[in-house]
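S.K.: Chains as they are written, first to last, in the working numbering: chain A, 249 to 598; chain B, 249 to 598.
It is worth saying that the hints were derived from the structure and are not from the lab.
Among these hints, one or two may not hold up.
Selected chain A positions facing chain B (Cβ under 7 Å, derived; list incomplete) [claimed, not checked]:
no.	residue
1	Leu276
2	Ala278
3	Phe282
4	Ala293
5	Leu294
6	Pro297
7	Ala487
8	Ala516
Distance condition first, Cα-Cα at most 25 Å in a straight line; then the derived DMTMM-like pairs of lysine to aspartate or glutamate [unchecked claim]:
no.	chain 1	residue 1	chain 2	residue 2
9	A	Lys304	A	Glu292
10	A	Lys496	B	Asp291
11	B	Lys279	B	Asp291
12	B	Lys423	B	Glu252
13	B	Lys323	A	Glu465
14	A	Lys503	B	Glu504
15	A	Lys513	B	Glu504
16	B	Lys527	B	Glu272
17	B	Lys513	A	Asp347
18	B	Lys452	A	Asp321
19	B	Lys323	A	Asp321
20	A	Lys503	B	Glu492
21	A	Lys279	A	Asp264
22	A	Lys387	B	Glu492
23	A	Lys323	B	Asp315
24	A	Lys524	A	Glu465
25	A	Lys452	A	Glu579
26	B	Lys332	B	Asp315
27	B	Lys387	A	Asp315
28	B	Lys306	B	Asp321
29	B	Lys323	A	Asp449
30	B	Lys503	A	Glu504
31	B	Lys496	A	Asp449
32	B	Lys452	B	Asp442
33	B	Lys344	B	Asp300
34	B	Lys527	A	Asp315
35	A	Lys346	A	Asp315
36	A	Lys365	B	Glu504
37	A	Lys387	B	Glu504
38	A	Lys452	A	Glu465
39	A	Lys323	A	Asp300
40	B	Lys503	A	Asp321
We put the CB at the ideal spot given by N, CA and C, even for glycine.
Number of protein chains: 2
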Amino acid sequence: MASETLVISIDAMGGDHAPDSVLEGLSLIAKQGFSVRFLVHGDEALIAPYMDAHPKLKEISEVCHTDKHVAMDAKPSQALRAGKGTSMWNALQSVKSKDAAVAVSAGNTGALMAMSKLVLRMVPGVHRPALAASWPTQKGAAIVLDVGANIEADAEQLVEFAIMGAAYSRAIHGKDNPSIGLLNIGSEDLKGIDSVRGAADMLKDNEMGLNYIGFVEGNDISLGTSDVVVTDGYTGNIALKTAEGTAKLVSGFVKEALTSSLLSKLGALLASSGLKALKNRLDPRSVNGGVFLGLNGIVLKSHGSADAEGFATTVRLAYSVGNSTFHQDVEASLSRFQASNPEVQEKVDS
Amino acid sequence: MASETLVISIDAMGGDHAPDSVLEGLSLIAKQGFSVRFLVHGDEALIAPYMDAHPKLKEISEVCHTDKHVAMDAKPSQALRAGKGTSMWNALQSVKSKDAAVAVSAGNTGALMAMSKLVLRMVPGVHRPALAASWPTQKGAAIVLDVGANIEADAEQLVEFAIMGAAYSRAIHGKDNPSIGLLNIGSEDLKGIDSVRGAADMLKDNEMGLNYIGFVEGNDISLGTSDVVVTDGYTGNIALKTAEGTAKLVSGFVKEALTSSLLSKLGALLASSGLKALKNRLDPRSVNGGVFLGLNGIVLKSHGSADAEGFATTVRLAYSVGNSTFHQDVEASLSRFQASNPEVQEKVDS
Chain A
249 MASETLVISI
259 DAMGGDHAPD
269 SVLEGLSLIA
279 KQGFSVRFLV
289 HGDEALIAPY
299 MDAHPKLKEI
309 SEVCHTDKHV
319 AMDAKPSQAL
329 RAGKGTSMWN
339 ALQSVKSKDA
349 AVAVSAGNTG
359 ALMAMSKLVL
369 RMVPGVHRPA
379 LAASWPTQKG
389 AAIVLDVGAN
399 IEADAEQLVE
409 FAIMGAAYSR
419 AIHGKDNPSI
429 GLLNIGSEDL
439 KGIDSVRGAA
449 DMLKDNEMGL
459 NYIGFVEGND
469 ISLGTSDVVV
479 TDGYTGNIAL
489 KTAEGTAKLV
499 SGFVKEALTS
509 SLLSKLGALL
519 ASSGLKALKN
529 RLDPRSVNGG
539 VFLGLNGIVL
549 KSHGSADAEG
559 FATTVRLAYS
569 VGNSTFHQDV
579 EASLSRFQAS
589 NPEVQEKVDS
Chain B
249 MASETLVISI
259 DAMGGDHAPD
269 SVLEGLSLIA
279 KQGFSVRFLV
289 HGDEALIAPY
299 MDAHPKLKEI
309 SEVCHTDKHV
319 AMDAKPSQAL
329 RAGKGTSMWN
339 ALQSVKSKDA
349 AVAVSAGNTG
359 ALMAMSKLVL
369 RMVPGVHRPA
379 LAASWPTQKG
389 AAIVLDVGAN
399 IEADAEQLVE
409 FAIMGAAYSR
419 AIHGKDNPSI
429 GLLNIGSEDL
439 KGIDSVRGAA
449 DMLKDNEMGL
459 NYIGFVEGND
469 ISLGTSDVVV
479 TDGYTGNIAL
489 KTAEGTAKLV
499 SGFVKEALTS
509 SLLSKLGALL
519 ASSGLKALKN
529 RLDPRSVNGG
539 VFLGLNGIVL
549 KSHGSADAEG
559 FATTVRLAYS
569 VGNSTFHQDV
579 EASLSRFQAS
589 NPEVQEKVDS
């Protein structure tokens, strides 16, 4: 599949700095020679002049005009009511009609989630989609999900997240048999909430063919104890943002330490190559991009505040997922889950 | 109160390296001239030789012999059944009998929690105790609770945590009117789980006299957006451990960056004073110690793996809390809550 040209559908009007940051991000990709074409949804009057000035991008892009877009502060319900024909809606519609393999938006998360469900619908066998994040660890990277598509998740939904997370880990991290951990707290008698214990019982079932390794704690995420970390969207979102805040705090401490005296500054100058690598490693733009799993089509969400480099990171991720066999993989795993848990299938059918 | 000698009751047999790490920690305090006396509960045969070799510590200590102790891997239910007469139990008993103002243990968290509830009982008006942690922020430090005493919390319990957290912030961080945030996720339509929304409604009530500032997200904790961050024990424990893991990951990245080349190493040498300050700042031993709030008496928990310096940090914290008016403060705030919410009082009474 990687030899064919992948078509990616872009919501050019989503994001705090749209359409500029989006178009500049696409331009970065265009220069890097990916085998890709873009359907660029948005206001042609704003987009066309940029394209004219950037022939490499223009060559691989088709501008799909609409003068409607979803406001960054719109409530999902508002966005849904007035959503038809917006650049976000049309970007999703391109995936539904198979004109594109993947959609990317830096717009309002809640609106994108709600609209994706409505336009693309769920994969048969999945109750709710999940937002998955790639998380840097001591061993490389882990997939953490759900990081905020839903608030709560019951035991079966957590198992579905595990299945989708494992398939996603295979697709983008190339893990053959990704290990799966369920996020929990450690205290002996308090083995976590009911949904988590219920999911653990199901995941232990060998017939599911999952490499479930048991409960993991918050500190295990960064340790890389498991390739996939499964949790509900409320806990996952708080864990993700707590980690982002902590990384920022520690980076600030490092900066202070290296500017605290003339000697420290001189030392930092000498160590600048190492410190530059560190800066890149901690750059949130280098890990930008969450993916909605569980839909009939792949939708990627960039941070609303992403600049061109950040948006390009998400497009690169879209390229990897779009060229993988993720969808077939999820479907096969879900079938195994339903075969070994017939009562789950009944619930989905009803 | 600070002029009187504070008596602190010590579980000398709790912790991975007990009693050595505990006794060495106490020795550090003894050398620092705090106005303090220790009731040291544990095996006299192991403790007495250390005391004989450390006269400064011996002078301010009374060894209370018991040959029983709670195993680090005991389940809380086991620990409770066989708990009476253990060093942990006796340390708590000293607080109950008013022989000591505060108890400190590095033993099994679940066992300490269960035993503390049984021996000391809850403050009237509190349904469940909370474990509170001091969290480094860009502005100094915040109090986060509950970080693992309970799994779930309903709206009223979250309000009680807010009251206790505010009193604790006044006691140990000296904040006059600490700001309180409720940990939640940001997405517009998904205003978090029912308990959190319910707590928000109650905290908005001006008659409670709390400085409630609204919802905060995971990244706000390290930013120091609020002085107190309130959440349930499941989420709080995961957030705390995720932050610990992230700080460790980033520290590892920094170390790699500063040893990646000869020039970087030389730079690190020149910057060593700044980097040493950084190391101290990131040293988990410098923030060791959680406190159980809501009991008739103050109980502090040190990390089980704490060394002498880590244990001494918890004892210093015990000294601050023991010399504060924390208890009177909590009682007054709880009375205000009950006065403005009579139905809560009924629930407590029943």
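S.K.: Give a verdict on every hint.
M.R.: Outcome of the hint check:
About 25 Å separates the beta-carbon of Leu276/A from the nearest beta-carbon of chain B, more than 7 Å, and the hint is not met. A cut of 7 Å between beta carbons decides the hint on Ala278/A: the least distance to chain B is about 32 Å, and the hint is violated. Because the closest C-beta pair between Phe282/A and chain B is about 29 Å apart, greater than 7 Å, the hint is violated. Using the Cβ-Cβ criterion of 7 Å, the hint placing Ala293/A at the interface with chain B is not satisfied: the shortest such distance is roughly 29 Å.
Because the closest C-beta pair between Leu294/A and chain B is about 26 Å apart, greater than 7 Å, the hint is violated. The restraint placing Pro297/A at the interface with chain B is violated, with a minimum CB-CB distance near 33 Å, outside the 7 Å limit. The interface hint given for Ala487/A holds, since its Cβ lies 5 Å from the closest Cβ of chain B, which is under the 7 Å cut-off. Here the hint on Ala516/A is kept, as its CB sits about 6 Å from the closest CB of chain B, short of 7 Å.
Among the hinted pairs, Lys304/A with Glu292/A is consistent with the structure: their alpha-carbon atoms are about 18 Å apart, no more than 25 Å. The straight-line distance between the Cα atoms of Lys496/A and Asp291/B is roughly 46 Å, outside the 25 Å bound, and the hint therefore fails. Note on Lys279/B and Asp291/B: the hinted pairing holds, with a Cα-Cα distance of about 23 Å set against a maximum of 25 Å. Under the criterion of a C-alpha separation no larger than 25 Å, the hint pairing Lys423/B with Glu252/B is consistent with the structure, at around 23 Å.
With a CA separation close to 18 Å, the supplied pair Lys323/B and Glu465/A stays within the 25 Å bound. At roughly 16 Å between alpha-carbon atoms, Lys503/A and Glu504/B fall within 25 Å of each other, so this suggested pair holds. The suggested pairing of Lys513/A with Glu504/B holds, with an alpha-carbon distance near 19 Å, which does not exceed 25 Å. At roughly 22 Å between alpha-carbon atoms, Lys527/B and Glu272/B fall within 25 Å of each other, so this suggested pair holds.
Simply put, Lys513/B and Asp347/A have alpha-carbon atoms about 53 Å apart, too far for the 25 Å limit, and the pair is violated. At most 25 Å may separate the alpha-carbon atoms for a hinted pair to count; Lys452/B and Asp321/A meet this at roughly 24 Å. A threshold of 25 Å between alpha carbons decides the hint, and for Lys323/B with Asp321/A the separation of about 48 Å lies outside it, so the pair is violated. A hinted pair counts as satisfied when its Cα atoms are at most 25 Å apart, and Lys503/A with Glu492/B qualifies at roughly 19 Å.
The hinted pair formed by Lys279/A and Asp264/A meets the criterion: a straight-line CA distance of about 24 Å does not exceed 25 Å. At roughly 17 Å between alpha-carbon atoms, Lys387/A and Glu492/B fall within 25 Å of each other, so this suggested pair holds. Distance check on the hinted pair: Lys323/A and Asp315/B sit about 63 Å apart at the alpha-carbon level, beyond 25 Å; violated. At most 25 Å may separate the alpha-carbon atoms for a hinted pair to count; Lys524/A and Glu465/A exceed this at roughly 31 Å.
Only pairs whose Cα atoms come within 25 Å are accepted, and Lys452/A paired with Glu579/A is accepted, the gap being roughly 20 Å. Taken as a hint, the Lys332/B and Asp315/B pair is honoured in the structure, with Cα atoms around 12 Å apart against an allowance of 25 Å. Taking the CA atoms of Lys387/B and Asp315/A, the gap is about 44 Å. The hint is violated against a cut of 25 Å. Among the hinted pairs, Lys306/B with Asp321/B is inconsistent with the structure: their alpha-carbon atoms are about 30 Å apart, more than 25 Å.
A hinted pair counts as satisfied when its Cα atoms are at most 25 Å apart, and Lys323/B with Asp449/A qualifies at roughly 21 Å. Between Lys503/B and Glu504/A, the direct Cα distance comes to roughly 16 Å. Compliance with the 25 Å bound is thereby established for this hinted pair. Simply put, Lys496/B and Asp449/A have alpha-carbon atoms about 32 Å apart, too far for the 25 Å limit, and the pair is violated. Restraint check: the Cα-Cα separation between Lys452/B and Asp442/B comes to about 16 Å, which is no more than 25 Å; the hinted pair holds.
Of the supplied pair hints, the one linking Lys344/B and Asp300/B is violated, its CA atoms being roughly 29 Å apart against a limit of 25 Å. Proposed proximity of Lys527/B and Asp315/A is contradicted: the alpha carbons are some 54 Å apart, above 25 Å. Taking the CA atoms of Lys346/A and Asp315/A, the gap is about 23 Å. The hint holds against a cut of 25 Å. This hinted pair does not check out: Lys365/A and Glu504/B have alpha carbons roughly 43 Å apart, beyond 25 Å.
For the hint pairing Lys387/A with Glu504/B, the CA-to-CA distance comes to about 14 Å; that is within 25 Å, so the pair holds. The suggested pairing of Lys452/A with Glu465/A holds, with an alpha-carbon distance near 18 Å, which does not exceed 25 Å. At roughly 35 Å between alpha-carbon atoms, Lys323/A and Asp300/A are farther apart than 25 Å, so this suggested pair is violated. At most 25 Å may separate the alpha-carbon atoms for a hinted pair to count; Lys503/B and Asp321/A exceed this at roughly 41 Å.
The structure is inconsistent with the numbered hints 1, 2, 3, 4, 5, 6, 10, 17, 19, 23, 24, 27, 28, 31, 33, 34, 36, 39 and 40, although it conforms to all the rest.
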